[in-house]
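Enquirer: Read off the chains here:
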Amino acid sequence: MEKWILKYFTLIRVMIALIIGVIVTILMIYLISEYPGESLKYFFTGPLASKGRLFNILEMAAPMIFCGVAIAISFQADQFNLGAEGSFIIAAAVGTAFAVSTNMPALLHIPLVLIVAGVTGAVWSLIPGILKAKWNASELVSSLMMNYVAFYFSLYLINSHFRDLDAGFLVSLRLPETAVFGQFITGTRMHFGIILAVVAALWAYYFLYHTTSGYEFRQTGYNKSFARFGGINIIKVIILSQVLLGFIAGVGGMSEVMGIHGRFLWQGQPGYGWDGIIVAIIGRSHPILIIFSSLLLAYLRVGGQVLNLMGDVPAELVNVIQSLIILLITAEAFLGQWKYRITRRQAEREEAAK
Amino acid sequence: MNELFSSIFSVNFGYAILRVMTPLLFPAMGIAVSTMAGSQNIAMEGAMLIAAFFGVIVGAFSGSLWLALLAGIAAAVLLCMILGYFHLKLKADIFLSAVALNMFSSGITVFLLFMITGDKGSTSSLPSPVFPSIDIPLVEKIPVIGDIISGHNILTYVALVSVFLFYLLMFKTPLGLRIRAVGQNPDAAESVGINVNRTKMYALMLSGLFAALGGLYLSMGYVSWFSKDMTAGRGFIAIAAATLGGMMPLGTMISSLFFALVSAVAIYIASLNIPSELIQLIPYLITVVALAVFSGRALKGRREKIAAEDAGGTESVQEKNNTGDN
Amino acid sequence: MSNNILDIKEIFKVYPDGVIANRNVSMDVQENSIHALVGENGAGKSTLMKVLFGITPYQGGSIEYKGSEVKFSNPREAIAAGIGMVHQHLMLAPDLTVAENLILGMEPLRGKLFLDADEAVRICREASEKYGLAVPAEKKIRDLPIGVRQRVEILKALARNAEVLILDEPTAVLTPQETDVLFKTLDGLKAAGKTIIFITHKLSEVTRVADRITVMRDAQAIITRDMDDLDEVKIASLMVGRKINTERIPAPVKIGSVKLSVRDLKYTNSDGVEALKGIDLDVRSGEILGLAGVEGNGQTELVEIIAGLMAPDSGSVTIDGTSVLSLTPRQIREAGLAHIPEDRMENGVAEVASVEENLIVDRYYKPEYNTRGRLYWKLITEKSKELIKKFNILTKSSKTNVGSLSGGNIQKVVVARELTSNPGVIIAAQPTRGVDIGSEELIHNLLKQARDEGKAVFLISADLDEVLKLSNRVVVFYDGEITAHFKDASKVEDVDLGPYMLGIKKEDAASGKMDS
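Protein chains in written order, with the numbering used here: chain A, 1 to 354; chain B, 1 to 326; chain C, 1 to 516.
Isolated chain A (complex conformation):
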């Protein structure tokens, strides 16, 4: 048992953090709600209660998966680029601009728009990567700044050049039919982008764990000196990890436009980059686990919405809980004493067995 605990310690720590999160949720609902039993039901079973809500979870999880996977790839190479948010939005804007100003059959239009968006995102996040590689500028701060540049530039592009003047508010022109994802379950918003997100996660898993480049990423992330010593080009790894981050986040942004909204409609920062960080942390930067952590976060969000709508507790409860969970997961020393005691007992036992 103890050996098992040691082996899966990080995973167990995440689970314990999640359990604490759930307990705090229950406590808060009890504390606040006038009819806590009902409220708990809304929160925990509400998201599963109807087909529509189930689909809501899926469509909400899609951009989280995209951004989470994008960030996980750079985390695995020990890069701390926050640029997912910026790549997401600027790719959506440029992709939208491209989609509304071109005209071709859907079979060509959809992939081309996605590629334009992905490349835009990649180029965008390449900038902090180059600044880091060339001048050692902190990719953290520069990518944060680039997010704002991306945001304002996107607004400029859409509001000044591709604005739908007939709409009552600031949005882009509608994408042509040939550049919109079909819905594969009619009557819902289940769009192709959701499948694309899962494919991206599977691909990232394959890339990280089954290809030579992924191997290079991970070794660089584990120990830069070792990677360099072994002959890995770590500059290439830094640059390429940023490119992939931007590409995947960019495709995620465009897929949101093509699947859900049909046009670019953000006038504030959508925050998917931050969501991506959350799901990447909860999923321990593992692409497959990120699918589940995204579903979990989306489930909590939908639960919060249901609670908000039907019960008497605001949906922001979820933000409070998710931040608590992340704090606990990132605290290296959280449960550290426990692990230390087990390790010591194990060592003593092995010593005695000799």
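Please keep in mind that the hints were generated in silico from the structure rather than gathered at the bench. Cβ coordinates follow ideal geometry from the N, Cα and C atoms, glycine included. Keep in mind that a hint or two might mislead.
Derived EDC-like pairs (lysine to aspartate or glutamate); straight-line CA-CA distance at most 16 Å [said to hold, decoys possible]:
#  : chain 1 : residue 1 : chain 2 : residue 2
1  : B       : Lys172    : C       : Glu138
2  : C       : Lys112    : C       : Asp95
3  : C       : Lys140    : C       : Asp95
4  : C       : Lys491    : C       : Asp465
5  : C       : Lys190    : C       : Glu31
6  : A       : Lys224    : C       : Glu346
7  : B       : Lys172    : C       : Glu119
8  : C       : Lys469    : C       : Glu107
9  : B       : Lys172    : C       : Asp168
10 : B       : Lys89     : A       : Glu332
11 : A       : Lys224    : A       : Glu332
12 : A       : Lys224    : C       : Asp343
13 : A       : Lys7      : C       : Glu351
14 : B       : Lys120    : A       : Asp78
15 : C       : Lys266    : C       : Asp479
16 : B       : Lys172    : C       : Asp118
17 : B       : Lys172    : C       : Asp95
18 : B       : Lys91     : A       : Asp312
19 : C       : Lys130    : C       : Asp187
20 : C       : Lys505    : C       : Asp465
21 : C       : Lys9      : C       : Glu69
22 : A       : Lys224    : C       : Glu138
23 : B       : Lys172    : C       : Glu107
24 : C       : Lys506    : C       : Asp187
Distance ranges between label pairs, derived from CB positions [said to hold, decoys possible]:
#  : chain 1 : residue 1 : chain 2 : residue 2 : range
25 : A       : Met1      : C       : Arg372    : 39 to 47 Å
26 : C       : Gly188    : B       : Lys172    : 33 to 41 Å
27 : A       : Leu11     : C       : Ile20     : 18 to 26 Å
28 : A       : Ile26     : B       : Phe61     : 44 to 52 Å
29 : C       : Gly407    : A       : Leu335    : 52 to 60 Å
30 : C       : Asp118    : B       : Leu250    : 46 to 54 Å
31 : C       : Lys112    : B       : Ala74     : 19 to 27 Å
32 : A       : Ile16     : B       : Leu250    : 43 to 51 Å
33 : C       : Glu126    : A       : Ile16     : 54 to 62 Å
34 : A       : Thr10     : B       : Phe61     : 56 to 64 Å
35 : B       : Ile154    : C       : Pro108    : 29 to 37 Å
36 : B       : Ile154    : C       : Ala172    : 52 to 60 Å
37 : C       : Gly272    : A       : Thr10     : 42 to 50 Å
38 : B       : Phe294    : C       : Lys112    : 34 to 42 Å
Given chain A, work out where chains B and C should sit, using these hints.
Expert: Relative to chain A, chains B and C alone:
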């Protein structure tokens, strides 16, 4: 274009710059002090928000401006202490913890707002006190300058005075010296008996105090209510301002002024049908360029290939190629 | 001996990993003397001083200071009692001024709140004058050369009323001129009534300034005595120890052509210290060239330059006649270099990666292991299992994290990878450091085997027994130079190497070239 210039060189414009600068300058000083201590606190956004909220709520229910001030400061400082606890004691990545605390603040304020007022948007229904505006005697009589400098909210003056106090604290007191020492070489500080974690905690608390004043200004000076996510990224812009200002008091003030100028220009330009977004992105772009230039300068003079490689390696590759033919 | 200021008795210190660093070490220090603590790397000198200064706990023995027993649980207590330590890595804040660094932690106040900057400068100047240590009080540490920084560090201890001053290898980072100044300073401090303990392995320094000496070897204090008639040669033999009949492997049968060749290699580090002063050497196929020398004399730089991890100022390195200086680490490996690194945890392995991931870092990209980027994990696991078996690596499986293995087994992972890359040249830097006897034996046999297969082996080791056991030729390194070249290692004993290693003797125009 003439219209633009006439509005930029107007008195109102000068007044507006100082007004917009205040909620940037406070958190920028918070970033600066925590960075000097070697533990950059990017939870400014959350700390401002939570202070803005508790200030209004306590103010509205007690009717006391002092209690409001106290509540706002307490909330933000406590938030930064939680950050310190997780970072220093539980060895969490300070950056990720700060991200979590920003989300926490955004969530908890709306959550409580709803619990207290039944409204999720703002506290405009609550009668909350505001910090008074002050006319500076004599100065107010001076034409133009008086109109620009006088008549601001008291917190704007506090912000300007804080720059000086901040300078005094960091460069003229033992605590400031210790904070800087801890940031530059914690081992050195430890070796002469300074408690590194405690000193860092003081710096984080101080950053919380600055954030609190920034947040309180927003909800009880700039406007007179709290609204959801009203900090609108100012805590992050503060990172840019402090970075551009080299983490120094005066530099931070100048760059905050610059950021304020640009956003004020953007507001005016928007009214002239020129896309304001392009103006708004300028400060961030400049920060990125400045970041590259400053980091690049720090890199110069390093010879070891390893060191250069850590920093990216291009320099050493060139060096290597040059010597390879010898 | 009533004038002992310090009496260290029977100190026993074992580290958590089971390494005994001090085995009942005793040493007495007389008041108002300069006491040298000498010994090779790993002899336990630094540990002893850490024990004394309260940095690390110990398991047995006692320390008497000024006649009463003391036990410091942290450096602060030691400082308060009047003991100061100047660490090898200087404890200074780079952007603070000299005066600010000096008064840090005991800041003078003006009023109740403010720092008295003038007073700080005054304290600094006063201390500076009192001890004759010139420092620019108002300059930032960042802008000062290393020798001056060290002076600041010494002043820092003195300003805290240190009576006993411990200096940990103070000359390691200094230029000869700076060293002279330091020694004058030490004499001055002695004249001012201070007691100085300084750790070193440079014997010329000992004979220059020390009144008394303690020699440590293998975690024990061999002797503590007055310098009197001790000369460098005698100290050297005490340090190195006289071991008769060092074990030797049979000499190589067939020595071939030059595989690795280094010419006039120069390198100056960022502190301005010349780490390599024009190195020439050759290693031929079928031989083991041993490089003996106390660590920190330029060996690390030499190896890293050959492996492409560092760029020299000038000179050339060729493998099989091809210049490798402009190549990347991977290209150099492809040219036939294998490298067992000196610091295995830093360069040799990624702790959190599995054994098999660590075994393929130099070859995963080769067509054998992947098609168009797709790794054959099954094959990699199989091959890893073979290596685990062949090199006797004790691990639960090939998927176990390397970090959970013992030191010896981690080193076997490194050796298994490096020796199976079919290299022409093998650099083995400290190949058996910190490994158990069994692993050491295995690694030695493997190096011999590689030699007999016609590979050129370049062995760098601080362990003289190891150098003499394996090498057929030996060069000695001191202060960035080759000070001796023994063409037939079988006729050499460790005492012959000592004087060259410690800088007492130097052959004229020594090099490791074959045509010389």
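Enquirer: Hint check: C:Lys469 vs C:Glu107, CA-CA at most 16 Å. Holds or violated?
Expert: 57 Å, violated
Enquirer: Do the alpha carbons of B:Lys91 and A:Asp312 lie within 16 Å of each other, as the hint requires?
Expert: With Cα atoms ~37 Å apart, B:Lys91 and A:Asp312 exceed 16 Å; violated.
Enquirer: Check the hint pairing A:Lys224 with C:Asp343 against an upper bound of 16 Å on the C-alpha distance.
Expert: With Cα atoms ~14 Å apart, A:Lys224 and C:Asp343 stay inside 16 Å; holds.
Enquirer: Take the C-alpha atoms of B:Lys172 and C:Asp118, compute the straight-line distance between them, and say whether it is at most 16 Å.
Expert: 11 Å, holds
Enquirer: When you check the alpha-carbon spacing of A:Lys224 and A:Glu332, does it fall within 16 Å?
Expert: Violated, at roughly 21 Å.
Enquirer: CA of C:Lys505 to CA of C:Asp465, is that 16 Å or under?
Expert: Violated, at about 20 Å.
Enquirer: Given the hint that A:Lys224 pairs with C:Glu138, test it: the Cα-Cα distance must not exceed 16 Å.
Expert: Violated, because 39 Å separates the two Cα atoms, which is more than 16 Å.
Enquirer: For the pair we were handed, B:Lys172 and C:Glu107, check the Cα-Cα distance against 16 Å.
Expert: This hinted pair holds, its Cα atoms lying about 11 Å apart.
Enquirer: Does the hinted range 43 to 51 Å hold for A:Ile16 and B:Leu250 at CB?
Expert: 48 Å, holds
Enquirer: Could you check the hint for me, namely that C:Lys112 and B:Ala74 are 19 to 27 Å apart, CB to CB?
Expert: Taking Cβ atoms as reference, C:Lys112 and B:Ala74 lie about 26 Å apart, which means the hint holds.
Enquirer: Does the hinted range 52 to 60 Å hold for C:Gly407 and A:Leu335 at CB?
Expert: At 28 Å between Cβs, range violated.
Enquirer: Are C:Lys140 and C:Asp95 close enough, with their CA atoms no more than 16 Å apart?
Expert: With a Cα-Cα distance of about 6 Å, the restraint between C:Lys140 and C:Asp95 holds, given a limit of 16 Å.
Checked against the numbered hints above, the structure violates hints 2, 8, 9, 11, 14, 18, 20, 22, 24, 27, 28, 29, 30 and 34; every other hint is satisfied.
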